[in-house]
Amino acid sequence: MIRTQAVSRAYGDALVVDNVTLDIPAGGVTSIIGPNGAGKSTLLSMVSRLLDMSAGTVTVDGLDVTRTPSDVLARRLSILRQDNHVSARITVRDLVAFGRYPHSKGRLTAQDRHQIDQAIAYLDLGALANRFLDELSGGQRQRAFVAMVLAQDTDYVLLDEPLNNLDMKHAMGMMKLMRQAASELGKTVVLVLHDINFASWYSDYIVAMKHGKVAAQGAGPEMIRPEVLSEIYEMDIKVHEIGGQLISVYYG
Amino acid sequence: MPKLIFGVLAILVLAVISLFIGVSDVTPMSLFSSSPEDRPMQVLLISRIPRTLALILSGSALAVAGLLMQMLARNRFVEPGTAGTVESAIFGILLITILWPASPLLAKMLAATVTALIGTALFMQILRRIPLRSTLMVPLVGIMLGGVIASVTDFFAYRLDLLQTLGTWQLGDFSAVLRGRYELLWIGALLVGIAWYAADRFTVAGLGQDFTTNLGLNYRRVLTLGLSIVAMVTATVVVSVGTIPFLGLIVPNLVAMAVGDNARRAIPWIVLLGAGFVLICDIIGRVIRFPYEIPIGTVFGVIGSALFLYLLLRRRPADA
Numbered sequence: 001m002i003r004t005q006a007v008s009r010a011y012g013d014a015l016v017v018d019n020v021t022l023d024i025p026a027g028g029v030t031s032i033i034g035p036n037g038a039g040k041s042t043l044l045s046m047v048s049r050l051l052d053m054s055a056g057t058v059t060v061d062g063l064d065v066t067r068t069p070s071d072v073l074a075r076r077l078s079i080l081r082q083d084n085h086v087s088a089r090i091t092v093r094d095l096v097a098f099g100r101y102p103h104s105k106g107r108l109t110a111q112d113r114h115q116i117d118q119a120i121a122y123l124d125l126g127a128l129a130n131r132f133l134d135e136l137s138g139g140q141r142q143r144a145f146v147a148m149v150l151a152q153d154t155d156y157v158l159l160d161e162p163l164n165n166l167d168m169k170h171a172m173g174m175m176k177l178m179r180q181a182a183s184e185l186g187k188t189v190v191l192v193l194h195d196i197n198f199a200s201w202y203s204d205y206i207v208a209m210k211h212g213k214v215a216a217q218g219a220g221p222e223m224i225r226p227e228v229l230s231e232i233y234e235m236d237i238k239v240h241e242i243g244g245q246l247i248s249v250y251y252g
Numbered sequence: 001m002p003k004l005i006f007g008v009l010a011i012l013v014l015a016v017i018s019l020f021i022g023v024s025d026v027t028p029m030s031l032f033s034s035s036p037e038d039r040p041m042q043v044l045l046i047s048r049i050p051r052t053l054a055l056i057l058s059g060s061a062l063a064v065a066g067l068l069m070q071m072l073a074r075n076r077f078v079e080p081g082t083a084g085t086v087e088s089a090i091f092g093i094l095l096i097t098i099l100w101p102a103s104p105l106l107a108k109m110l111a112a113t114v115t116a117l118i119g120t121a122l123f124m125q126i127l128r129r130i131p132l133r134s135t136l137m138v139p140l141v142g143i144m145l146g147g148v149i150a151s152v153t154d155f156f157a158y159r160l161d162l163l164q165t166l167g168t169w170q171l172g173d174f175s176a177v178l179r180g181r182y183e184l185l186w187i188g189a190l191l192v193g194i195a196w197y198a199a200d201r202f203t204v205a206g207l208g209q210d211f212t213t214n215l216g217l218n219y220r221r222v223l224t225l226g227l228s229i230v231a232m233v234t235a236t237v238v239v240s241v242g243t244i245p246f247l248g249l250i251v252p253n254l255v256a257m258a259v260g261d262n263a264r265r266a267i268p269w270i271v272l273l274g275a276g277f278v279l280i281c282d283i284i285g286r287v288i289r290f291p292y293e294i295p296i297g298t299v300f301g302v303i304g305s306a307l308f309l310y311l312l313l314r315r316r317p318a319d320a
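Chain order of the listed sequences is A and B. Okay, so the first sequence: first residue is 1 according to UniProt numbering, each after it adds one. Okay, so the second sequence: first residue is 1 according to UniProt numbering, each after it adds one.
Keep in mind that the hints were calculated from the coordinates and are not lab data. Please read all numbers here as calculations on a predicted model, not as lab measurements. Just so it is clear, CB atoms sit at the ideal spot from N, CA and C, and this is done for glycine as well. Among the hints, a few may not be true.
If you anchor each label on the Cβ, the simulated ranges turn out as follows [said to hold, decoys possible]:
(1) A:Ala219 to B:Met257: 35 to 41 Å
(2) A:Asp23 to B:Tyr310: 55 to 61 Å
(3) A:Pro35 to B:Arg264: 39 to 45 Å
(4) B:Val13 to A:His194: 44 to 50 Å
(5) A:Gln180 to B:Tyr197: 34 to 40 Å
(6) B:Leu313 to A:Asn164: 30 to 36 Å
(7) B:Arg264 to A:Asp124: 25 to 31 Å
(8) A:Asn130 to B:Trp186: 35 to 41 Å
(9) A:Asp64 to B:Leu106: 42 to 48 Å
(10) A:Lys105 to B:Ser35: 50 to 56 Å
(11) A:Asp64 to B:Thr135: 38 to 44 Å
(12) B:Arg314 to A:Gln180: 40 to 46 Å
Derived list of chain B stretches under chain A, where covered just means 3 residues or more per stretch with a C-beta under 8 Å from a C-beta of chain A [what the hints assert, rightly or not]:
(13) 68–82
(14) 211–223
Could you put together the complete structure from these sequences and hints?
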């Protein structure tokens, strides 16, 4: 379980994350939704020790993320932020192989190689494995980054807007993969998502943030309701049931 | 791997050619026909072998330092010469020359290491504060910083009548290399070894701070290790033979085009290509106006700036 206790982050006078106390259950897919500037990415960065907290504590399976040695944490929890500008010219396979660094420290075993091949196959990157990152499209690069994080094979996988740059097919493939990772491999997947229909369709648990606070949280059906969503996004959102799934409609 | 062996052989051939160029009559024949105490063998041992070794050592170490700078600054166009490192090192040497005129080479090198480290750290700090990190902005900032430091150095050197001495560090020249005056460069070889040992860490750091932290590495520690290696390499080379502009920029870029940036794979090639480039430029400088010499800094400056322009112009949009 990921547990945040009274976590805050201030930039000057502005509180971007404001006293958030939240339990993200172990196992399953949890999506964090909310409008721009709600503090979703900032919270995720603090949970994954990429960003220092102004106040509060975060524990992952009881390990305090600011006190646990970083390499120990790297075998438990992986994080991929949005907007990764990588200018280094390395191949997809090498990038994915670096996902094994916390385990192998650079000396790859047969087990490591197996994990790398598997991650490459999962993200449909077989044909691109020996291409350099700077020769790929934005979506292909995004998949390569996710493959690296999967190769890291951690219990907790945190992805900030993993659907960025992906076309519909690969966005759906990515979400199916996350579901599969949760249900078959028992991983805890935490995603920041902008598309609430993707969140609705694939998540077990949804956390909504607004103005740096948790505005609402609950299982999918509790959250995908017109009154909840309209309140969070400050716009008119209708919810329809289509094929047994709750789909939000907010166009027009 | 077979390609690497081919590369090593090419360097060996260049090294042998380099050994037998010069005013004094040193040929394989004259070596065999004279006794070890005679002039040919003595010239070979005291002057030629040290010079060739110095070329190989400084060329490879500077090229690897360039790669490390590019990884850590995450910019293709940074190297010790475009990050204020070289100018800071020269400032350090001037400082210790003023304070302790009879200081040994090792003390000069240590002083240069300290100032090079401070100057490069300053450059990295400035980079963090630039809001728009356009690709070309970064080396421009470094060149400006270097210009500021160099002008301070020039001022003091001018006032204290040390401008001529200053020139020997500013312009790479191997003609004065003799046994007993180049051995510090072996430290560069040791540092290259450390860089290769820690290669994965530098590649990961090249992916950015977030990736580095995610993989459980301490970004600041990798940065400190890398910058220390860069500062020390620069200091040893500047103290021993002077600077070679563009070397650390061109070699890693050429290698990146062919084998990519994964340091584990790139460093052996960078070592070979760095040494090869310097050997070739030195040979050109020695034969073009025979029996006079053109300093390698000048030769490389001409070839290097042409190659630099080529690299700038062929830049793909993805690098921006």
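- Against the earlier hints, flag every one the structure doesn't satisfy and list their numbers going up. The structure breaks hints 1, 4; every other hint is satisfied.
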